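If you want the building blocks of each chain, they are given just below.
2 protein chains.
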Amino acid sequence: MVFKIGLLGLGTVGIGTAQILLDSSGRNPLLEEIVVSQIGVRSLEKTRPIKFPPGVITTDLVAIVTDPEINIVVELLGGLEPARTMILQAIDQGKHVVTANKAVIARHGDEIYEAANRAGVYVLLEASVGGGIPIIKPLKQSLGANRITSIIGIVNGTTNYILTQMTTAGADFSDALVEAQHLGYAEADSTADVDGLDAADKIAILASLGFGERVQRESVYCEGIRKVSTVDIAYADKLGFVIKLLAIAKISEKTESRILQLRVHPTLVPKSHPLASVEGVNNAILVEGDPLGQVMFYGPGAGSGPTASAVVSDIMNIVAILKSNNHTQTLNPLLSCTHQHYCQITPIEAIETRFYARFLTKDVPGVIGNLGRSFGNYQVSLESVVQIGFKEELAEIVVVTHYVCEGNFRTALDEVRTLETIKSIPSVLRVL
Amino acid sequence: MVFKIGLLGLGTVGIGTAQILLDSSGRNPLLEEIVVSQIGVRSLEKTRPIKFPPGVITTDLVAIVTDPEINIVVELLGGLEPARTMILQAIDQGKHVVTANKAVIARHGDEIYEAANRAGVYVLLEASVGGGIPIIKPLKQSLGANRITSIIGIVNGTTNYILTQMTTAGADFSDALVEAQHLGYAEADSTADVDGLDAADKIAILASLGFGERVQRESVYCEGIRKVSTVDIAYADKLGFVIKLLAIAKISEKTESRILQLRVHPTLVPKSHPLASVEGVNNAILVEGDPLGQVMFYGPGAGSGPTASAVVSDIMNIVAILKSNNHTQTLNPLLSCTHQHYCQITPIEAIETRFYARFLTKDVPGVIGNLGRSFGNYQVSLESVVQIGFKEELAEIVVVTHYVCEGNFRTALDEVRTLETIKSIPSVLRVL
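Sequence order for the protein chains is L and Y.
When the count follows the numbering used here, it moves up by one through the first sequence with no breaks and lands on 436 for the last residue.
When the count follows the numbering used here, it moves up by one through the second sequence with no breaks and lands on 436 for the last residue.
Any given hint could be a false lead.
Since the list gives no way to pick out one identical chain from another, each pair is judged satisfied if it fits inside one copy or across any two copies.
Pairs of lysine to any residue residues, derived as SDA-like cross-links and limited to a Cα-Cα distance of at most 25 angstroms, are as follows [stated by the list, open to error]: (1) K395 to R218; (2) K254 to E36; (3) K327 to P337; (4) K254 to D199; (5) K231 to E396; (6) K327 to N121; (7) K427 to Q344; (8) K242 to H277.
I should point out that these hints are in silico values taken from the structure, not numbers from a laboratory.
These numbers come from a predicted model, not from an experiment.
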């Protein structure tokens, strides 16, 4: 049997995908039955590293998603439009869809999966999170026996590369960003990566799969890494932490019904934690559940080859189903999306976490006492208060709290800001 | 719909499996459609932590595998017989099988999968390697786009616990083994774990899946950890290594056709390597392929809950297929076993690896020169030669080689043994 693929987009991942499909020797024999039939691009003029027979490449995306010969549409356009429309049209034409597009799934997943269920087709998205790391299929197919309690990941390679450079080479944020752009690890417009939006898309997807409910993308609390300084990285190091941009989905403790925390922010991670040693553009996702305990998935979080590996694995899974089940009756419930309800989200003010904060204060007696009193007024218990050094004529004090309610901590900070001896609060970070 | 399970064996993993299936709330809703219908045990008298309705528990295993009501037989007996016979009978009766039994699959996989393909049933085995870590399904379903080049794992929790205790607490082998037995991490008969046989079973299974060919269990070269000493652990530490029992399947370099290395042995692992920090009873498997690069799967490699999580995930996958495909036509090629040929294996003498060796020598000038000359006679190039200390009146010299052909290294060692200045060679270990 031969299964025909329509590829939308021929950027880095599209090229990687085509390269695998055009050179199947030494890979799974199923690939020999898969043919790239049509490729939709923006411009026919661009020079590309692979030559295709005439007629394969076209700018007519609609012709691809409506081509009756094509079994599977692979959407690698990125961005919201025309990706969303093309996916919906392909589904409407009874085609299965493979996508690497976290943005469109995180924002329009409900609409897309409702259409897919109506049409009886699969929409697979392994490449949307974690590049080449198998994480979507394991969440769907391997971990469902568990009551998942948390999913915590380093899911953005760009920011992890920048933070690693800041940590190991002492580079400051803007230099590390420029270097990442030079190396092709960051886009010219780095907003989606640096401000945590890409990680927020990804944790919304992982949370929905892990906790079996729909997730509204806008309910993910999101802070990026622009404000992380080498000063804080150095202090974190002295205190036994590294700073990582974490994407966190976890069940809020102390509640009976399932209410989730969903947040992306730079975080002090203890050096002994499995995520602490994930460096450079690598990603890692730690899933915790009962009775499983903790498992971690680690590997290259981006790049042409790894992401294409994930895209092609989805294509192969659909082909394998088509080969074994000519008359599709019902979708496999572990591979389709059956979530009905939106999960409840804890507002960020109500989460419990530890904090790290750095203060510049007058160098006079009683400063630490004043700080401690203000925190105490709002039930913020301190784990450590260290006067680490001086900056010009001001003392530099670093505080790490025990677990506290974020709202209480913020109110305490408001009071601290009014203290006559406190000059400024250059940084506030959460601690894992 | 309701799907009926027959469970063979109610030991640690059987209990864990029953516990998940009897308490499905908060887990994947598919579990609500799965019922434990019959459980086969050796003795009805044993006290068990779960009460089952009368008639569920029986000693008649054959009645279970031939019960027409049962859809899936879950084999958790362990060992070769009666496990093999029960699996074959279940298949013969058209039942799907889930097993956690690495020994029976590594030794009788060919017979079992041939029977399963004839009968059109699945035999899934996620729990046979890596406990709760999803590794079998990812190898089958997520990594097939790649040309896999190596699979290297810490796949035996018992030995990893022992080596971790020897490393961190300075315990010697026999004390650490006794402690592992006390904690339930090692069997009273620890041979399968300590001598590497369990790890060899597992790498045979992983290699077969990763490289898409049949693997003869007896072709796995196997050395256990009995001879690893705290002295070598300490020297390894000074040289920047930790000692781990690794299971290795990799394509031999410098060959055109695909010839594999398959070996289990204690190995000096550089401290910066991702496997170096896998401690205690945890397992981790590193898979490398093109274009993927390296991915690692990490988590609890044994234990009731984690292993049961893997067993139940296999049950759920079969149920999901049964729900979506009432009239099974052909097995899904990514979930069934289609290997025809046995893979070729490099004899251990022909592999290329680095070595660590420790020598006790007379404390006279020229000893290192003599050693170097003997190694040089057989093209064994040395990376470092260090006289680390004295033991009684003898000098202790540690050698680390560059990559060498194992046969050459062994011949060189034979010559070294004849040197008048060399008193003994207490240890020889491979280096990753």
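Kindly indicate which numbered hints from before are broken by the structure, ordering the numbers from low to high.
Violated hints: 1 and 7; rest satisfied.
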